[in-house]
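Construct the entire structure; sequences and hints are all you get.
The primary structure of each chain is shown beneath.
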Amino acid sequence: MTASSFKGLWIALFFVLLATLPLWISDGYYVNIASQILIWAVAAMGLNLIVGYAGLVSLGHAALFAISGYAVGIAMSAGFGHLAAALLGIGISILTAAIFGALSLRSTGIGFLMITLAIGQILWGIAYRWVSLTNGDNGVSISSRPAPFGFNIEDATPFYIFTLMIFALALASTALLVFSPLGAAIRGIRDEPRRMDALGYNVWLTRFSVFVMSGFWTSIAGLLFLYYNGFVSPQVLTVQSSAEILLMVLSGGSATLFGPLVGSTIIVLMKNVASSFVERWSLVLGLIFVLIIIFIPEGIVPGLVSSGRKAVQLYKRRRPPASTGADL
Amino acid sequence: MNPLSVQGLCKSFGGLRVTSNVCLEVAAGERRLIIGPNGAGKTTLFNLIGGEITPDSGTVSVLGRDITRSPSRARARLGIARTYQIITLFPHDTLIRNVSMALMGLMPLRWNPIVNLNKRRDIADQAQDALARVNLAHLGDRKLSETSYGERRRVEIAMALAQHPRVLLLDEPLAGLSVGERLSVQDLLLSIPRDVTTVMIEHDMDVALRFAERITLMNFGSVILDGTREEVVNAPETKEVYFAA
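As given, the protein sequences belong to chains A and B, one line each in that order.
Its first residue numbered 972, the first sequence is counted upward by one per residue in my numbering.
Its first residue numbered 752, the second sequence is counted upward by one per residue in my numbering.
Keep in mind the hints are simulated off the structure, nothing from the lab.
Check each hint, because a few of them may be wrong.
[What the hints assert, rightly or not] In silico DSBU-like links for lysine-lysine, alpha-carbon gap of 30 Å or less:
{"no.": "1", "chain 1": "A", "residue 1": "Lys978", "chain 2": "A", "residue 2": "Lys1287"}
{"no.": "2", "chain 1": "A", "residue 1": "Lys1281", "chain 2": "A", "residue 2": "Lys978"}
{"no.": "3", "chain 1": "A", "residue 1": "Lys978", "chain 2": "B", "residue 2": "Lys894"}
{"no.": "4", "chain 1": "B", "residue 1": "Lys870", "chain 2": "B", "residue 2": "Lys894"}
{"no.": "5", "chain 1": "A", "residue 1": "Lys978", "chain 2": "B", "residue 2": "Lys870"}
{"no.": "6", "chain 1": "A", "residue 1": "Lys1287", "chain 2": "B", "residue 2": "Lys990"}
{"no.": "7", "chain 1": "A", "residue 1": "Lys1281", "chain 2": "B", "residue 2": "Lys894"}
All values reported here derive from a predicted model rather than from experimental measurement.
Rendered as structure tokens:
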């Protein structure tokens, strides 16, 4: 069995495990937690495109996450159906991501981070203060979840399966991008923008295209969030939300396919499960991040992979060489 | 119409004038050497020709086309390729992938977000051919970080040649190499076909003089002397400005 088919088998098994999760945890509460993990994992995967693969740290992605929810909620209040509202919401999100990217990609590094933070804050201000459009602090709500292809996803398990399908799509599209020529160009521009420019690559446009892709998946996650909660409020657009998505990427491992899922699992579990046992759960969460930064600064997934490789090498070194039979 | 023409190029960084009215005409197939002491403005001149910095005044033309305001990527498409004094490659990728990046830079394929690059045998084969030109075909699947400094220098040259340039700018291609590696890279430089017009900055005069037919001497951002190998080497200005330094 080749290394790639072995990896493929593990991923297939992993998805079988995820798909059968509701059979193992029959409690709807935990199935909903699993849905939340997947929703935030999609958002973190979107952010990972720009942070991990393009090397641009954004602190404004919560705005892109929320804008699709707001757009769909407002469109449905105006009488649009689910499908039309969703398409409109995604369209508005892509347009917003394009404007967001065009403005913020005037700079890189700290400058980029500060511009994304500022734009995120502006959008938060609009969501909070433009009460006639956004309903202010109360946010916008929808009365029901959609029924994609006629399937009812009102209950926890069907919604989880629907979210898992979107997650799988996001993962597949990210994998496709990562192994593609454009993915190689994105990483090349992250590492050596000057060299890539001299080789004929359009550095700005490549960064812009990955920013829009990042915004697309982040807004898809925002749409799922609206369907999950039934409402979206300015709380979702805060800097804290942006920082949480960023921490999901960094703790799981940036520029990895499964890092965002690991990061979202940690944060969602801490927020929803640990908080019912520990009052100051954010303190514990902070401690976890400090430990990750100290011991596995590259993130959990790359850390585990490198530890696994070291263990295999150690095992191979310690294992006595196989007898050839010559001394018998 | 010369492949490379530089006219009255000036560049200042704040109050510091780094390039002052530089003129350079490089004929087709010529091998030009640019020499000068440290800080003479040689690499700045390359950066101005390559488009990494824009001049305050003057023009840069390739095959009669004014590219003074064109970005680096457009210049690459017009046939300018370069290597860097400080190696700027992709250490975590294989040699084949490094050269593939150069190949794709001039192809529409670089925008493709769907096709699996690992399955594009045509790109890998072209990269392998480019590596064979610099005698690195046997290391194609090795990560760049696992190669020697001399091999990385050769990868840089392979990347530049893979783009089939009309004008090749080599910025100190022998810097940091051992004696053995120098000889190997020197042979490689001499094997660059004549349809590639080559401009090289180099301090190793033994190698450089074997390579170049014409030499341009720079000092304090200006061209002091421009002539044949013999003219420049024997000129008193060269002894005063360069060899004395």
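Against the structure, the hints come out as follows:
no. : hint                 : result
1   : A:Lys978 x A:Lys1287 : 20 Å, holds
2   : A:Lys1281 x A:Lys978 : 18 Å, holds
3   : A:Lys978 x B:Lys894  : 21 Å, holds
4   : B:Lys870 x B:Lys894  : 18 Å, holds
5   : A:Lys978 x B:Lys870  : 17 Å, holds
6   : A:Lys1287 x B:Lys990 : 61 Å, violated
7   : A:Lys1281 x B:Lys894 : 18 Å, holds
In this structure, only the earlier hint numbered 6 is contradicted, and the remaining ones agree with it.
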